[in-house]
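Can you make the complete structure from the sequences, with help from the hints?
In terms of my numbering, the sequence shown opens at residue 1 and continues consecutively.
Source of the hints: derived by calculation from the structure; they are not laboratory data.
List of simulated lysine-lysine pairs, DSBU-like, C-alpha gap at most 30 Å:
1) 413 <-> 730
2) 732 <-> 368
3) 730 <-> 718
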Amino acid sequence: MQSSVTPFGMFCSNHFPGFRLVPVWLDINLSLTFPAFPAVRAWHLKTLAINESGTIFYKPDVLRHCCPHYTIRLPVASFKPSKDQRKAVNHWNDHVLGESYMKEASRLYPISKEEKARLKNTFDLTREIHKTELQNVKQPPEPAHRFEVTLEPAAFTLEKYELFKNYQQNVHKEKPHEISQSGFKRFLCDSPLKQTSRTVDGKEQLLGSYHQCYRLDGRLIAMGILDLLPHCVSGVYMLYHSDYEQWQFGKLSALREAALALEGGYQYYYMGYYIHSCVKMKYKGDYKTQHVLDPETYEWHPLEGELRALLDKKPYVSMSRERRRKDNKSDEEKSTTEEQDDYSDYPRPTAAEAGKAVKKGMSLFDLKVPGLMTAEEIEEQLDLATMPIRVGGRMAEAQDLVSWDSSDLKNPKSIKGVIGEMVAGMGPEAAWQVVVHRTKDIVIAVVNPSIGRPIKNLPDTITVPSDASASQIFEEIAKASRFSIHRLRITKGSDGSPINNVRDVTVHDTGLRNKSALDVKDLGPQISWRTVFIVEYLGPLLIHPLIYFGRSLIYGTSAPLSQLQKLTFLMCVAHFAKREFETLFVHRFSSATMPIMNIYKNSGYYWLLSGLNLAYWSYGPNSPAARPSNPLLTYLGVALFAIGEVCNYSTHLTLKNLRRPGSTERGIPKGLGFDLVTCPNYMFEAMAWIGVALVNWSLSTVIFIIVAVGQMGVWAWKKEKRYRKEFGDKYKRKRYAILPGIW
Numbered sequence: 001m002q003s004s005v006t007p008f009g010m011f012c013s014n015h016f017p018g019f020r021l022v023p024v025w026l027d028i029n030l031s032l033t034f035p036a037f038p039a040v041r042a043w044h045l046k047t048l049a050i051n052e053s054g055t056i057f058y059k060p061d062v063l064r065h066c067c068p069h070y071t072i073r074l075p076v077a078s079f080k081p082s083k084d085q086r087k088a089v090n091h092w093n094d095h096v097l098g099e100s101y102m103k104e105a106s107r108l109y110p111i112s113k114e115e116k117a118r119l120k121n122t123f124d125l126t127r128e129i130h131k132t133e134l135q136n137v138k139q140p141p142e143p144a145h146r147f148e149v150t151l152e153p154a155a156f157t158l159e160k161y162e163l164f165k166n167y168q169q170n171v172h173k174e175k176p177h178e179i180s181q182s183g184f185k186r187f188l189c190d191s192p193l194k195q196t197s198r199t200v201d202g203k204e205q206l207l208g209s210y211h212q213c214y215r216l217d218g219r220l221i222a223m224g225i226l227d228l229l230p231h232c233v234s235g236v237y238m239l240y241h242s243d244y245e246q247w248q249f250g251k252l253s254a255l256r257e258a259a260l261a262l263e264g265g266y267q268y269y270y271m272g273y274y275i276h277s278c279v280k281m282k283y284k285g286d287y288k289t290q291h292v293l294d295p296e297t298y299e300w301h302p303l304e305g306e307l308r309a310l311l312d313k314k315p316y317v318s319m320s321r322e323r324r325r326k327d328n329k330s331d332e333e334k335s336t337t338e339e340q341d342d343y344s345d346y347p348r349p350t351a352a353e354a355g356k357a358v359k360k361g362m363s364l365f366d367l368k369v370p371g372l373m374t375a376e377e378i379e380e381q382l383d384l385a386t387m388p389i390r391v392g393g394r395m396a397e398a399q400d401l402v403s404w405d406s407s408d409l410k411n412p413k414s415i416k417g418v419i420g421e422m423v424a425g426m427g428p429e430a431a432w433q434v435v436v437h438r439t440k441d442i443v444i445a446v447v448n449p450s451i452g453r454p455i456k457n458l459p460d461t462i463t464v465p466s467d468a469s470a471s472q473i474f475e476e477i478a479k480a481s482r483f484s485i486h487r488l489r490i491t492k493g494s495d496g497s498p499i500n501n502v503r504d505v506t507v508h509d510t511g512l513r514n515k516s517a518l519d520v521k522d523l524g525p526q527i528s529w530r531t532v533f534i535v536e537y538l539g540p541l542l543i544h545p546l547i548y549f550g551r552s553l554i555y556g557t558s559a560p561l562s563q564l565q566k567l568t569f570l571m572c573v574a575h576f577a578k579r580e581f582e583t584l585f586v587h588r589f590s591s592a593t594m595p596i597m598n599i600y601k602n603s604g605y606y607w608l609l610s611g612l613n614l615a616y617w618s619y620g621p622n623s624p625a626a627r628p629s630n631p632l633l634t635y636l637g638v639a640l641f642a643i644g645e646v647c648n649y650s651t652h653l654t655l656k657n658l659r660r661p662g663s664t665e666r667g668i669p670k671g672l673g674f675d676l677v678t679c680p681n682y683m684f685e686a687m688a689w690i691g692v693a694l695v696n697w698s699l700s701t702v703i704f705i706i707v708a709v710g711q712m713g714v715w716a717w718k719k720e721k722r723y724r725k726e727f728g729d730k731y732k733r734k735r736y737a738i739l740p741g742i743w
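In structure tokens:
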């Protein structure tokens, strides 16, 4: 039976500071059968991605990773536990048996002096590991504790989940709302490896994904998550209860898993990835002698001597690469100081450069990831056209697809490019033991985090076509839960990045795949941005006329208004009338709604500061605007106001034209003022209000300008960060956000 796989292509994530999987080759395996495994040289081996489905396989790009992690394996036949490791086992065995048991047992079951001496001078790993398991303890007397270890299918139980929850909270310091049953299932229960067995040297050898459960007096205190493969035991994860932290279950489990590999004839014990620069990972090198997989040639090298020295000096090490560099040097160069490797044969050698290139559509073959086959190797060694493929439940060959002949191997979005990159990552031997599964519909898990308002009737899963718009995710969840679509905030369970309710981005483009997870949060009552803008500007637009025409009632005077006061009134009304016009006919909002409380906050700001405050102190009999002023300053103020308003309107038109109706896609703004500052619309608005201040000379206007410029400056700096992140090198970075030479 062939395994069924769905290739995902490259994946980049910047969500975790200092921990980047850039880039990563992903592949989801729907029902993996064991004949494929010995040949899967590039996967080496199944490693679960946290917060992703347990059916996802990935190959990290070791060269570009900030913390390169290498595949390591321990040949168990030659493994000799260290003194500290032996001590951990002895300490635990003494605890399980108890002092009184050991004294009484030595009396009831005496052994010869020769046997005592042999046991003292030798350490039999398998004997010591199983020594205190209940079925191996001689009785009477009763041991202090009943210790049992069982190998169970990797299935969910509440008992296991409670242990997982305790471990994540106490060891990894996760908050309760960050831990869920669905996350535990995806991480440590879901697996494409089905439990089966085979006979090796007359003994049964188990294969598949298992939970190795440690129970003390009937209580589950620790659990190892294992993949048992034809040639190895792969330790995926280990967790223990915080009550037993002192017993060093990390060492106990590693030794037990090594013993399992030895007893079961698996040959090797894989301890996951090794990160030389990480203190929490370095302990794996203490289980000697570990062998490290060369990321370029897939040769194994002992983690000793030269390899350790190189890892101390630089993050990326390939022994085959080091040999090639030495062979290419002249005798004179070999005698000089070692030249630093510039990795010139790898384009985009940094994670940031590679991530941008992948997002722009660069092929894996052009990017060059260590250990992947080249396009030339694939064309020489394989006939991709005959690759078996399943489409809509029907079997075919890749060449039977209409688009096959016209597709390009180096186009990652073409069918030939997709299959080619998958084969490059898996290796030719494994590739021919799988069937490529093309599916449009994907099933996505839906989770309502424990923090925040619970959403009733939220579905456990939704099914959407991968080529549907992202907005369909919102529609499906809103429809199933009978909930307002505008109150939903949806983020990816894998990295917390938001999914936007837009129609110009497909589900596939968001990075969601089959069995991905979504976190859905209730944002509370919402109101449209346009409504908020209309209401907040409507206040000053009404307040200024009310105070202007009702001044006899407000100030108790019938003195005529000065020309400057009349001019101030016209400028303020013109400004807010313009803002209402722009709200109705110019602005295109990236988000449809905002929390309803914002209407009170925003309206309070505009109604009080630019409405009541500015109008009351501008139109009164004691206002500076009621007295004559320098005509030149007045003319300057009017000119600044007019220029500011016209230019502000022009920049708003520029921003409008960057975005299609109904789209949230941004472009890089260019034109009037955009070469000077990040947000020239704010700059020109400040200019217009400075013009008003030169006309009315009111402190209330100055206060409003200071507060407004401060707020707009913060918005501008945030926008500058977004532009830099979104557009990278294409965006011309601005030194000033809002005021040239000042801010």
